[in-house]
Amino acid sequence: MAGSPLTGLTLKGALDGLAAKSFSAEELAAAHLDAIAAANPHLNAYVLETPDQALTMARASDTRRAAGDAGPLDGIALGIKDLFCTEGVRSTAASKILGNFIPPYESTVTANLWRDGAVMLGKLNMDEFAMGSSNETSAFGPVTNPWRARGSNRPLTPGGSSGGSAAAVAADLCLAATATDTGGSIRQPAAFTGTVGVKPTYGRCSRYGVVAFASSLDQAGPIAKTVEDAAILLRSMAGHDPKDSTSLDVETPDFASFVGRSVKGLRIGVPDEYRLDGMPSEISALWDQGIDWLKRAGCEIKRVSLPHTKYALPTYYIVAPAEASSNLARYDGMRFGLREDGANLAEVYENTRASGFGEEVKRRILIGTYVLSAGYYDAYYLKAQRVRRRIADDFDAAFLEVDALLTPTAPSAAFALGDRVSDPVSMYLNDVFTVTTNLAGLPGVSVPAGLDSSGLPLGLQLIGRALDEGTLFSLASALEDSAAFRAKPTPWW
Amino acid sequence: MSIDAVTVKRVAKLARLAVPEAKAEPMAQELSAIMAWIEQLNEVDTDGVEPMASCVATKLPLREDVVADGGEPDKVLVNAPRRVDNFFVVPKVVE
Numbered sequence: 001m002a003g004s005p006l007t008g009l010t011l012k013g014a015l016d017g018l019a020a021k022s023f024s025a026e027e028l029a030a031a032h033l034d035a036i037a038a039a040n041p042h043l044n045a046y047v048l049e050t051p052d053q054a055l056t057m058a059r060a061s062d063t064r065r066a067a068g069d070a071g072p073l074d075g076i077a078l079g080i081k082d083l084f085c086t087e088g089v090r091s092t093a094a095s096k097i098l099g100n101f102i103p104p105y106e107s108t109v110t111a112n113l114w115r116d117g118a119v120m121l122g123k124l125n126m127d128e129f130a131m132g133s134s135n136e137t138s139a140f141g142p143v144t145n146p147w148r149a150r151g152s153n154r155p156l157t158p159g160g161s162s163g164g165s166a167a168a169v170a171a172d173l174c175l176a177a178t179a180t181d182t183g184g185s186i187r188q189p190a191a192f193t194g195t196v197g198v199k200p201t202y203g204r205c206s207r208y209g210v211v212a213f214a215s216s217l218d219q220a221g222p223i224a225k226t227v228e229d230a231a232i233l234l235r236s237m238a239g240h241d242p243k244d245s246t247s248l249d250v251e252t253p254d255f256a257s258f259v260g261r262s263v264k265g266l267r268i269g270v271p272d273e274y275r276l277d278g279m280p281s282e283i284s285a286l287w288d289q290g291i292d293w294l295k296r297a298g299c300e301i302k303r304v305s306l307p308h309t310k311y312a313l314p315t316y317y318i319v320a321p322a323e324a325s326s327n328l329a330r331y332d333g334m335r336f337g338l339r340e341d342g343a344n345l346a347e348v349y350e351n352t353r354a355s356g357f358g359e360e361v362k363r364r365i366l367i368g369t370y371v372l373s374a375g376y377y378d379a380y381y382l383k384a385q386r387v388r389r390r391i392a393d394d395f396d397a398a399f400l401e402v403d404a405l406l407t408p409t410a411p412s413a414a415f416a417l418g419d420r421v422s423d424p425v426s427m428y429l430n431d432v433f434t435v436t437t438n439l440a441g442l443p444g445v446s447v448p449a450g451l452d453s454s455g456l457p458l459g460l461q462l463i464g465r466a467l468d469e470g471t472l473f474s475l476a477s478a479l480e481d482s483a484a485f486r487a488k489p490t491p492w493w
Numbered sequence: 001m002s003i004d005a006v007t008v009k010r011v012a013k014l015a016r017l018a019v020p021e022a023k024a025e026p027m028a029q030e031l032s033a034i035m036a037w038i039e040q041l042n043e044v045d046t047d048g049v050e051p052m053a054s055c056v057a058t059k060l061p062l063r064e065d066v067v068a069d070g071g072e073p074d075k076v077l078v079n080a081p082r083r084v085d086n087f088f089v090v091p092k093v094v095e
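Each protein sequence line maps, in turn, to chains E and W.
Using the working numbering, you'd call the opening residue of the first sequence number 1 and step up by one each time.
Using the working numbering, you'd call the opening residue of the second sequence number 1 and step up by one each time.
Here are the computed lysine-lysine pairs in the BS3-like style, where the Cα-Cα straight-line distance is at most 30 Å:
(1) E/243 <-> E/96
(2) E/12 <-> E/264
(3) W/75 <-> W/92
(4) E/302 <-> E/264
(5) W/75 <-> E/96
(6) W/59 <-> E/243
(7) E/12 <-> E/295
(8) E/21 <-> E/488
(9) W/9 <-> W/92
(10) E/310 <-> E/295
(11) E/243 <-> W/75
(12) W/23 <-> W/9
(13) E/12 <-> E/488
(14) W/92 <-> E/96
(15) W/13 <-> W/23
(16) E/96 <-> W/23
(17) W/13 <-> E/96
(18) W/92 <-> W/13
(19) E/96 <-> W/9
(20) E/488 <-> E/295
(21) E/295 <-> E/264
If we take Cβ atoms under 10 Å as the criterion, some of the chain E residues that face chain W in the derived model are:
(22) 101
(23) 202
(24) 245
(25) 315
(26) 345
(27) 348
(28) 357
(29) 363
(30) 381
(31) 428
Since the hints were derived computationally from the structure, they do not count as laboratory data.
Here a beta-carbon is modelled for each residue, glycine too, at the ideal position from N, C-alpha and C.
Next up, chain E with everything else stripped away, as it sits in the complex (with noise of 0.2 Å):
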């Protein structure tokens, strides 16, 4: 189906509109409602639409900016992934577990895009608690990939966890979208659909209100058509927030100033490491395409070394799966969510959360518990605790020589849905360039580059220092002006 013309703007390009008075905020809203209720049934990106809440704050938006009082994302017409609280909503983590769970509390992230004068879509599908790269753990079923292999009908996964986002943004069903980022769950997806994904330094955006899967790892950010766009919603999102004690008590840049400018001089490593053995040649090739680019945007390209890059998915399942079960014991049938019978309390317990949870999240939980459990917590959580330190100094180490890393996003475009489903290992495989920014807490963007044979996106990533977003997004434009991506999927739906 073809869109109105309004679901074709870019965020900033609706924000230029709204100033202009070209449209209204609820005449924007409308567009995008309509597009999600005809794509939806096909797509399932949004796992809750809520057209009366969007057209009353769009309507509210309209008149704060006729009384002159707009704020930066005035009008702007957002889907928000469900692992956020949003107060009144109802807000599942794409989890059985929560059932009709409406929280009587907004998200920080959330509450800060309602400041600034966003408008709220709906919420949207994801893994099951963020655990999953395919969205095929979701307890509402998969997002399908708006974008299709050339000649082929076969549906291809949105990758994960923010699958639900990521298609939503690439099919014109919002201007941006809400996502969060555990082991690559904002940059995989991004990849996969040919959006801008970013996930902000560990501590930018706040995680109050946000349902916890790994907290030393969880990490919110935005997934958006354009670089610019994605600078101007994170620095909505972002900020301090004494809620989150892990929050960064750091200035917020104005993100989108840093888009456009030279690159010129930046060093740029390309870690070895990251070259693997078996990766399609595309990804080789659209890596190399992505070096030149920066070369001759000015950059000085270094070749460096990360080593102990292989060990950081394994570091991953033990420290993830640890913090997730000791997060999801909250998850006992008293207080909120489902609750089950049994003959006596642990039954309820037991039962409870048997049927609650979903496979992948259940295999997590009993991984983290075994990891942690009397005799193997030496062996195993403190062991990767200790690795995870390694591979933060390999990266403090190459940055002492470089500004930023380039590597691909992920080792292979979208797969199709079922393919990977019997395989938890080669799943997690999907996480291995990502991965290791989660574990040392440094920024990743991810930026479309290029189509493979089959026409599928592929994407680029780059890695900064920690807090150093800004250069990131100075590359990222650079990359995304070289590329010229402009490719959209074909609407099948």
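Chain E is fixed; fit chain W onto it per the hints.
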């Protein structure tokens, strides 16, 4: 290290997850495969390396010791599976 069905049941008990008898063995095989892949961490020399629990400074911020909110039983109880007055109703704990 290989995980057997008995270990799965023991860990499931710790995690308060009911695992049906028929699922214990397949789950043990899945977890063993994952743990076998994780074993490669033993190749890394970590002698004298300080464990890393967080990416941010570990000094916990303190707030003023004052009541900031509260007194909202309806908000607290709004999602209760079962509720009577201002109480959660839970299964009998003490016989």
